[in-house]
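Colleague: Next come the chains, spelled out residue by residue.
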Amino acid sequence: MAEKTPVKAKSALAQAWAMVTDSQIWTSLIRHGYPEDARTRSLAVLTNVFLHLHPAKMRKSGLRMRYTWCMGGLSFFLFLSLTVTGLLLMFYYRPTAEYAFSDIVYLREDIPLGIMRELHRWGAHAMVITVWLHMMRVFLTGSYKPPREFNWGIGVLLLVLTLLLSFTGYLLPWDQLAIWAITVGTNMARATPVVGYEGPLAQLLKLGDIALVHAGADARYFLTAGRLIGAQTLLRFYVLHCVGIPLAATVLMAVHFWRVRKDGGISGPM
Amino acid sequence: MPEFVKLAINALTAPSIFVTLAILVFFASLKFYRIWTRPKFALGLLVASILFFLISITDAHFQWIVSQPDNVPIMAMLYVVGFFYWLSLRQAAINDERIEQGKGPMEAEETNDRVHVWPDLVYTEFIASILGTAILIIWSILVKAPLEQPASLTRTPNPSKAPWYFLGLQEMLVYFDPWLAGVVLPSLIVVGLMAVPYIDKNPKGAGYFTLKERPFAVGGFLFGFLVLWILLVFNGTFLRGPNWNFFGPYEDWDVHKLVPLVNVNLSEFIYVKWLGTGLPASWFWRELWGILLVIGYLTILPPILAKTLFRTMYARMGFLRYNVMIQLLLIEFSMVIKMYLRWTVNLKYIIAIPEFFFNI
Ligand code: HEM
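Protein chains in written order, with the numbering used here: chain A, 145 to 414; chain B, 229 to 588.
Pulled out of the complex, with its shape left as it was, chain B reads as follows (with noise of 0.2 Å):
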């Protein structure tokens, strides 16, 4: 691969790039989804990944990094996640015409034929059972497991990463503090995906794959799981190196790479720059605009949206489920919204109070 080629790639996988880039291209997937789907354009495209991938092997550190045994099931699971987005899109496009036509979705054709659980059920799973035992067979003969030096809490690695499932949240580390990349926000995962049967009170595509008759739903989970989860595994396994800086897919560690830290509170924007009088002593008169900002944020946004934008929703979903549902989306949104703040602006915190380790 030419020098130029490796050097463009590298910028554009850039943080603030690369999200974009990803934004853009997973809403235009849910857009076209009915043109890209089609088996020919999807294999078109596997072909394509699969050239590139074989072409970027030719770089030594591509190389090393994908080879990581560790690193191995993350680059087959790109692939399999891959190929799933493309299955259930696939089908939604099918399911999508046929509702059109006033057909029902395919699944619709065959659910009131019955079939005896043995042998049909039972002889899928024996088989199934048998392919993955000898999946992972091969895969272990392969792939050997990975051990390092005996654990030492002297010699610290660098970089020092989380299990790979867990990346997302390291990621997070960059733009929030721990107590709320590493506490607050994996409990609102587990708590928001248990809320969502309660709040989701669209009553059609219950058994069948569809993106038409349930936009919204679709869209703001595989927002979440593909782009705020699988896509932060990505960048932690393969483009963060020493001391979390970002790195290429072609570009080699190096330790000593400089990142200048020039982050900047809210307050001192406010105080500083904007005002020039210095930041007060004390705290409350200091984070009093950020404090206004997160509390306008979840409080005024809200009865806007729900008059507008969320209209028709609101009135399906009533008070309750709708505040639930918006407050779930304005924190996932705000995820966002703080990586860009931190990519334009190098804004550090919207509010900081050391004093008493709170910072937003």
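Just chain A, with the same shape it has in the complex (with noise of 0.2 Å):
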């Protein structure tokens, strides 16, 4: 809430200025001074909606650089800055055999002080490292520990949607390196036990003498939508990448900062 001043005693400039914090509109946008003292300074993170998933207070050894590294946040950064700049890429992309390779060569060449497919690029790169190195600070600090062992395993999931969507977008420029990259990754599913054709025990899934569990019918091709990997692919993998993941990510981060603070904020000593 604003503080109401005596207006006479003010200049010109002032009194305009306060005209304007204290209309209708000033006050319903900020519904508190500038945060400088205790309170005000818990308002603005609590009836934030954004910021109220921090608390309004925090041990101040959880604040330190030098023990979370910056990581988890990087990585939320990352996340959030390869959302927007894919948004801007699929404006230029289409996921279609015909037309996907040309759309980057377009992307490159064509379009005036065009870096959206290095931020995306390098983005997504940095992120699995950051990742990785946030895993490795919550493990050295021990911080997987009660009452965190459920956000671990939240983590873990993260781990695996960041690589998963990175992975999917490799395939999308459809040049030779993402076709072949994407073809030695794929292939493995073939070998997957029991659901994969090429897999051990795939042979027990018969129906008499029709083999279940084929090139045709496996879970390579469950990945892949074909023998190949081919335009269905090429949709597939789009639409995971730029739909399917990350709104799973996405719930799962917001699930993963909830319990950060539910599980009493940044893990220090007892």
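For the record, the hints were derived by calculation from the structure and aren't laboratory data. It is possible that some hints are incorrect.
Computed footprint of chain A on chain B; a stretch qualifies when at least three of its residues, placed anywhere within it, have a C-beta under 8 Å from a C-beta of chain A [what the hints assert, rightly or not]:
no., region
1, 328 to 337
2, 342 to 348
3, 552 to 564
For every residue, glycine included, the Cβ atom is placed at its ideal position computed from N, Cα and C.
Since each chain sits alone in its own frame, please combine them into the complex, following the hints.
Modeller: Structure, rendered in structure tokens:
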């Protein structure tokens, strides 16, 4: 709540400013004065939907850069920046075997000052690294110990999703690097036990003489939507990359941040 | 750099020697963590590595491989990971010394101070995002994202590499079949990581860096992360060339490099080399010894270890926890064992039942 000061003792400028800050628009947007005392500082955090994932107060030791390495926060920052740059890339990119490559060439050659693709690719590489390092610091500070076991588990899922995001995105430029890296990666699924057609025990799934698991119906086919990487794979990876996995990651991040708070904030010695 | 030094380094980076050296350096770095993490010492290491890098870059092949756009972040990662390895062990060294003196870890001094999230944390986040944005923009202006020829399934590049963060798994493909390297191992990594908080019952070391109070947990994790993951990513990126052959850092990628493949299965060792009877016709008799060996490794070692090396740990953990832990550990270790078996006696499979696509 803005403090009301006696108006007549002030200069014209201050009077005009006071008119602004007393106006209905201003007070509806900014519900308290500049956060400079304990009360308004707490209010600044508590009344803002984004900031209120934070507590109002926290341990000083958890604020230290040398303790958290800032890696969880940087991972989240990179996720946000990848969301923005990814959205911009979607304006230019069509996920079809016919256009995908030429759209990337266009992005690369013809767009003035175009560094969107670079921002997105390097951001993705960086995020993989920051998530690994975040996990390392959480491990080395023993921050998975009770009561944080559950949040560590959520973190492991986030790690998997981060890698899958990166992996599905790798195919989209539709160049040699992309298609062969994904070929190498998805070929492994052929060998999944039981449900991959070259995997151990796959022969067990049979109806009479008819094999249920074969090159046209197994774990790899499920991933790539075809016996070879092709247009269908591109579409499948595109949808997962732009919608499916980011949605799942967003939900898990919300849970992750909430749990950090509910488990008593950043860990510290008891 | 003189030619003979290059040749020597090329030879030293052969997988068998390089991984052995890395394992030795790793354990030495844990053992002597209080010494080398001293700022002056660590700074010396940093300067030495930068000098080495700068001298190396005069070599044409080295320059080519480290300046591939996708390899730039991996090079940076090595330094960043190295820095944080130092930072964590440095703080562990300080804490462990303080704990010995009965002072408690340095984090404890501030843990009861409460600060306001606004401004202390919110400003930090704000500054970090601005710095992050700046770094990303500069990086993006300096290094252009790679783009190769349009996708074509008829022209296979040599080598074909998985995305860089999976190269550790691709490296494992050399030693294990895809169902293990590509499916079972990654699943076990995920499950194993999730199991960690339920296995590790050590009440100490929560909320501060330490090595002395939990050497086994820290050592086990770092071995997996630094040696079996980061190191193998490094190998896969910089030292694996055409036909997934190994090349030294100053060695040109020659597509025609011939590496003899003389790998032999355990059954062939037993029946052909030692008994001289030839392989039995039925897969069961042929593979029986390998099957017994693998089952023995996973079932006989745990109780023996529980009585000897891990006795106190077993007492603390109880039957179930101990067994989950030891299975994960034995499997982690089996990767190292299999690598060494390949390098020393050219062993291919311990169990080989191609009839069922079941090879270990
Ligand atoms: C997309 C990936 C991730 C994001 C954006 C993220 C974000 C964060 C943030 C912002 C924090 C607050 C403290 C800090 O910055 O260190 C945190 C804490 C935590 N994270 Fe993550 N994280 C991610 C992945 C992971 C992974 C892979 C793990 C572990 C396997 C993990 C486990 C934890 C745990 C246990 C805490 C609580 C630490 C403590 O209380 O000291 N997170 N995370």
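Colleague: If a hint holds in the structure, say so; if it does not, say that too.
Modeller: Hints, one by one, checked against the model:
Under the rule that three or more residues need a Cβ within less than 8 Å of chain A, the assignment of the region 328 to 337 of chain B holds, with 5 such residues. Only residues whose C-beta sits within less than 8 Å of a C-beta in chain A count toward coverage, and the region 342 to 348 of chain B has 7 of them, enough to reach three; the restraint holds. For the region 552 to 564 of chain B, the stated coverage by chain A is not satisfied: 0 residues place a CB nearer than 8 Å to a CB of that chain, which falls below the threshold of 3.
Hint compliance for this structure: hint 3 is the single one not met.
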